[in-house]
Each structure stands twice: as C-alpha cells, then as structure tokens.
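One letter stands for each residue in the lines below.
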Amino acid sequence: MPHALLTRGLARRMAPDFAVRDLSLTVPTGAVYGLLGPNGAGKTTTLRLILDLLRPDAGEVEILGVNARRYPAEARRRIGYVPERLGIPGWMTVARALRHHAVFFPSWSRPYAEELLLRMELPADRRVRHLSKGQAGKLALLLALAHRPSLLILDEPTDGLDPVARRDFTELLLEYVADTGATALISSHLVHELERVADWIGVIDRGSLVVETPLEAFRRSIKRLRVGTGTPLPGADGLPFDVLARVQRPREELWSVRGWEPAMGAVLAERGVEVRGVVDLDLEDCYVELLRGRGDPEEGR
Amino acid sequence: MIREFLWVEWERRRGMLLLVTALYAAVPLMYLALLGGVTRPGAGGAQLVFQVDPLQLTGLTLVLGVVLSAFAWGAGSWGDERRGGWVYALALPIQRTHLFALRYLAGLAWLALPLLALTALSFVAAAVASVPTGMYAYPGSFSSWAALVSWFLYTLAFVLSARFEHPWRIVAIAAAVLLVAATVPGFGVFPGLSRLVELVAWGGVTPLRVFWGLELPFGS
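Residue numbers (my numbering), protein chains in the order written: chain A, 1 to 301; chain B, 302 to 521.
Bear in mind the hints are in silico, worked out from the structure with no lab data behind them.
Among the hints, erroneous ones may be present.
To be verified - Anything over 10 Å on all C-beta distances counts as not near chain B; from chain A, calculated: (1) Leu239; (2) Asp242; (3) Val288; (4) Gly293.
To be verified - Ranges between beta-carbon positions, derived for each pair: (5) B/Leu307 x A/Arg127: 45 to 53 Å; (6) A/Gly160 x B/Glu305: 38 to 46 Å; (7) A/Leu174 x B/Glu305: 31 to 39 Å; (8) A/Arg13 x B/Val425: 33 to 41 Å; (9) B/Ala476 x A/Pro163: 48 to 56 Å; (10) A/Asp22 x B/Arg470: 31 to 39 Å.
Backbone N, C-alpha and C define an ideal beta-carbon position, used for all residues, glycine too.
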C-alpha cells in the first residue's frame, strides 16, 4: 500500500471566517510526516476530521486502505492517536486507563504496555489528574502505541513539555517507527522539532494545504537570493520561480524565492539581474518565508 | 463491552449513585412520616393538600431532590471527558452510535438502583402505615411515576450534556423544554411528567397527591 493516509477534498466550515478547504493530504507508508502550520491554521481540525471526531462537510478519508468515513471505528482501530491534551478521565489511575483502553483494541499487547510503563517510569497507581505534564504526555504515547498501530497521529504531542521530556518522547516515538515501519503524522508549530524527525512535510495555512513535499525537497526549493540593484529590477512576473518576499537593503535586495534551481541564475543574468549570492535556509526560515509570501491573513478577509 | 461501561460508571460515580439511592429511599420514608400528620386529630386529607407544614416542605424538597438528582445523573454522563470541544471517548475505535447507546444504557442501568430502593420502600411504607379513611396508598403507581420521571429527566440531561459543554446551557434548555411541555395545550400523554412540571415549576401540588392517591398519575 503506497499511502498510509489519503484525504481528498476534505472540507469543514468551523466558523464564518474559518474553514478547512479542499484538503488533500497524501501520507506515504512508512513516512514521518510533519504537518506544520501557525496557530489556528487548521491542524487540529484536520486531524479531527481524519479521525472522524468531527464530521466533514465534504471529502474522503482513506486510512490504511479503509474508507474512514464509512468505517471510522475500523480505521481508528489501526491508529494510535495522541491528542493535544490527554483526554483520559482524571479519576482513572494509569493502570485503569490501560485496562480501559485494552477493552477497545483487539490487538492490545499487555506485555508491551507493561514494558513501556516500566521504561517510561509511570506510576501505575497514580490518578491521571495528578500526573505531571511530562507524565501525561508519556501516558498518551503509551496508550497510542500499546496496540501496535500501523499509523500514528500525534497532535502537538510535545507542546509544553520540558526539553528532557520532549527528548524522551521523541526517542520512544522514533524507536517504535523504526522497529515496526509504522507511519507517523505529527502536527506541530515547533519547526525545529519536526526538522529532526520528519522526512515529509505538509504546510497548512488558513485551512488550506500550501505545500506537501519531502522535507529535503522543501528545504532545497526555498532560498534567499542577494540580488544587486545596479539596474532596474524586474517584477516577479515571468520569472521561473516564485518570489515570496523582497527586502530592500542599501545597493541590494534580498529575495526569498521558491522553486529555485542553480541554472536559473542565467535567466536572471539575461535580464540584467546580478545574483550575488544564494543562501541556504533551515526549515524554520523556509517555513517563515513561505508563510510571509502568502501575506497577512487579515488581508484576504 | 457493556460490562466495561457499567464498571466505569460505577468507579466514576459510585459516590453520587449512593447519595441518589439514599435520597430516593428517603422519599417513601418521609411520606410515612407525613402520614403522621394526616392521622393527627383534626387533620384531614383535603386540608393536607393545601396545608404547608414543615414536614410537607421536607417532603417537597425530597421530591425536588429526586427530580434534580435524576437530572444531574444524566448531565454528568460526559462532563469530565470533555477536552476543548471534543470528548475523549469518541477517539476510541467504536461506532459513535454504539458509544452513545452503551454509555446511555450503563447510566440508566445504575439509575435502577435508586428506583429499586424507592419501589421497595414504597411498598414497605404502604404496608406498615395505617392509612386514614378515604385515602389509599398507591406504591406501584408512585414507583412507576418516579421511574418515568427519572427516565425522562435522565434522558433529557444525557442528550443535552452530549451536545452542550456548559452546565448552565444544559439546565436552561432543560428548563425550557419542561416549561414548554407543561404549557403546550392538550399535553397529557405523560401525566406523571405533567405532575412533575407542576411540582417543579409552580409547586402546585404536594407530594402527597402523588403518593397517597388524592390525585393519581396512573389511576388505581
């Protein structure tokens, strides 16, 4: 199966001024797919639509070959879901939460759950409401992993965790993915964190998918050009790449561009534009430039 | 799976359930005590309907307690699982309709415990009390009335709490539903509920009318 998760034309109006629109995600099997986007971009809504926690107005969702809109329970059985906030009722102890989850997942592995419990050093008899943030995050991951899912969906899983807890969480996740070949879809606005783990990237903004590409290709495609201003500079029209942003400096401009290839320097030279340097960007810079290039969200309303 | 739902309900709300059971059980006992007022020299049934004494007020309060606790039992079905607009249980691999049905049935099954206590003690009270001339005890009717009212309010609160997060909305909408039900002309399909609405909204009847048959919800 080439794709672990496929959405086509997913849409849901959430408020008069916010909707997820025509969202078509393709998450390749075995990938760690980072869903990036600013706060309020629609990441959590998208994940909830995929999981059928919210009913979409339109669109299809296929999870591991199962039509998730028609058979949501069957699809969820194959997914390990880590929500933004741990949803287990606070009165349950950690051990009770494990027993409760085991009832719903036929593939629940008790020995594996116990192994994870020990490794995560979670207190089995402590009530969920008394867990620290880091412990709650670990419990959420334990509950997501113990039935050995083929697809993990994690919604801002490390938001608010301290660096040590975040590192532990990520290590466990990557270990599971490496051992089982599972696919992971991780939503986050913490770009540096995704950069360490993801091999595919999707950027969502104002409810629409802006980019979906392998991480390296994304990083390669966005560059910053130092452009000489000795001659009148052309507009962005007709250029073989997208100019996301232009910043004036004394005697030069900085162009953030998408779709840049080294051979394109010649095209600019023909137009009398001197490219003085090409600067590689890290993922965060690429992401910021991409979103800047889309303009102020308020402008479009 | 229903066993897990029943067990979770018990573990989660057993304190409240025992309190509700005690409250339900106290109602027939209180009526038994009220009967002492009827048998007092000079006191008659007709007088009692309009008379308000501390015992009657206590009885009224107990019935209100029953009404409110049945409602609260339903309203508490989802409350502690809500996390920012979603309910954790929806993420479990179970059909949404099954989840709702199982959760509803589990809560309803436990509500049978207080109703059983009320029924048993109603019959005990009717058996041991010496009923004044002209009055009749209808423990069966009373228990049926309590069951109907409890089921209706539990269901109403269950549905509302599944839809709305804020308690005040649940209460406000439920109150609106009950008031509309009470004022719709020709309403009489659920006379037990009609009594309840009167009781809650206007205090127009005393509990004695229901329990001791001065006016019966279901006839004899």
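Inset, instruction - Would you pick out the hints that fail for this structure and give their numbers low to high? - result: 5, 6 and 8
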